[in-house]
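Peer 1: Model the full assembly from the supplied sequences, consistent with the hints where possible.
Protein chains: 2
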Amino acid sequence: MHPMEIERKSFRIVSELLGKLDRSGEELEIIRRVAHATADIEMAKGLLFHPQAVARGIEAVRAGHNIITDVHMLEAGINKRFIERFGGRTGCFIAHPRVVKEAAANGATRASTAMKFAAFELQGTLAAIGNAPSALEELCRMMEEEDCRPALIVGLPVGFVGAVEAKARLAGQNTVPYIANADRRGGSAAAAAAVNAILRLAAKDADTLVSCQA
Amino acid sequence: MHPMEIERKSFRIVSELLGKLDRSGEELEIIRRVAHATADIEMAKGLLFHPQAVARGIEAVRAGHNIITDVHMLEAGINKRFIERFGGRTGCFIAHPRVVKEAAANGATRASTAMKFAAFELQGTLAAIGNAPSALEELCRMMEEEDCRPALIVGLPVGFVGAVEAKARLAGQNTVPYIANADRRGGSAAAAAAVNAILRLAAKDADTLVSCQA
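Protein chains in written order, with our numbering: chain C, 18 to 231; chain B, 18 to 231.
Note that these hints are calculated values from the structure, not bench results. Don't take every hint at face value.
Given that identical chains are not distinguished, each listed pair holds provided it fits within a single copy or across any two copies.
[What the hints assert, rightly or not] When the alpha-carbon atoms are kept at most 30 Å apart in a straight line, the in silico DSBU-like pairs for lysine-lysine are as follows:
no.: 1; residue 1: Lys97; residue 2: Lys37
no.: 2; residue 1: Lys26; residue 2: Lys118
no.: 3; residue 1: Lys26; residue 2: Lys221
no.: 4; residue 1: Lys118; residue 2: Lys62
no.: 5; residue 1: Lys37; residue 2: Lys118
no.: 6; residue 1: Lys118; residue 2: Lys221
no.: 7; residue 1: Lys26; residue 2: Lys62
no.: 8; residue 1: Lys97; residue 2: Lys118
no.: 9; residue 1: Lys26; residue 2: Lys37
no.: 10; residue 1: Lys37; residue 2: Lys221
no.: 11; residue 1: Lys97; residue 2: Lys221
Peer 2: Listed below in structure tokens is the structure:
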């Protein structure tokens, strides 16, 4: 089967399984991509969108802002060709020598220390959390106490300890647009799919714009 | 909460939710790590182990063999410090210029073309598939027709098209040991957790060996 045919068939199945959802076209596109990537229809259906999430995400990408991730696995899943097209790049600081050293000294996770380390980088960017609840908790703290203002947070950490709480904290604020969910599911594949869907939407808008201007 | 305490708490919850399973201690360790990484207890419980899977995986790692993955996301999730300790490294060829070119020319997926490309590399290695059913299908074909003999295949592709079929083909043969499952779930996080669990078991055995020799 040709790769394009595999993808078409997968999206047909995803659309059938999702059924009719009361969402905007752009939110639906993100939900479909997450379902396609994870094969988890219920998780995709359960995605929570801040009303400004998609618009602010597209805006940030098109302005050339970067994408900061909590873990390398999520960074690896982001389509580099797409983000570089807009002049942005991906960044992940979990293995930076200063992060490793400071995390050990403070008895903190490397993922949360990496967010603290990226305080300046995070302004105006798309921040994506696909693994560590502690990274999302630190990000929320920085938003509350230090005026940290990413353009959009894709907050989908996974796990049994702290993931639900961190996502509830994110969805409970209204300062920074977010995409999140309400249970322990999540993960790098889901977060990467959401980010890549936004990159596709940004490219699509740009194409339309170019053809209108021509 | 200290990182170690988060991990301990998570594994306590995982053990409670898994309940009593009729598995070897090493298989149980892999199941626990997959559950911890994905927060998907049912998927972890459903892992299928070839009787020689764990032993052959540990043996290959300790002999310094490499780990070949289908996608960069899975490669990014593998603990480099652990594998390099044994003299091995990770490899993923999905973005190799020749793979990209040949896949386009043949109307094949890049992931399956990358397996073909790695024919020599795959002998004796640990092969891990966390995303693409077509990569696992190609690997099975190479085993059937070209004497391709990885030491162990961690086969956990995900998705609605071909994932179940590819994993059934893997679990239906007895030539190459495997870890797989029987439904559409899987993913890079699950595959990375299984591989990292094997690396941990290999290191543990090695530590024991060293202390016995001392």
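Peer 1: A separate judgement is required for each hint: does it hold in the structure or not?
Peer 2: Hints and how they fare:
1. Lys97 to Lys37: neither (32 Å within a copy, 44 Å between copies)
2. Lys26 to Lys118: between (48 Å within a copy, 24 Å between copies)
3. Lys26 to Lys221: Classified as within; 22 Å inside a copy, 44 Å across copies.
4. Lys118 to Lys62: Neither way: Lys118 and Lys62 sit 40 Å apart in one copy and 37 Å across, limit 30 Å.
5. Lys37 to Lys118: neither (50 Å within a copy, 39 Å between copies)
6. Lys118 to Lys221: between (42 Å within a copy, 25 Å between copies)
7. Lys26 to Lys62: Intra 19 Å, inter 29 Å, cutoff 30 Å: intra and inter.
8. Lys97 to Lys118: both (29 Å within a copy, 18 Å between copies)
9. Lys26 to Lys37: within (18 Å within a copy, 39 Å between copies)
10. Lys37 to Lys221: within (24 Å within a copy, 51 Å between copies)
11. Lys97 to Lys221: This pair counts as within: shortest intra-copy Cα distance 16 Å, inter-copy 37 Å.
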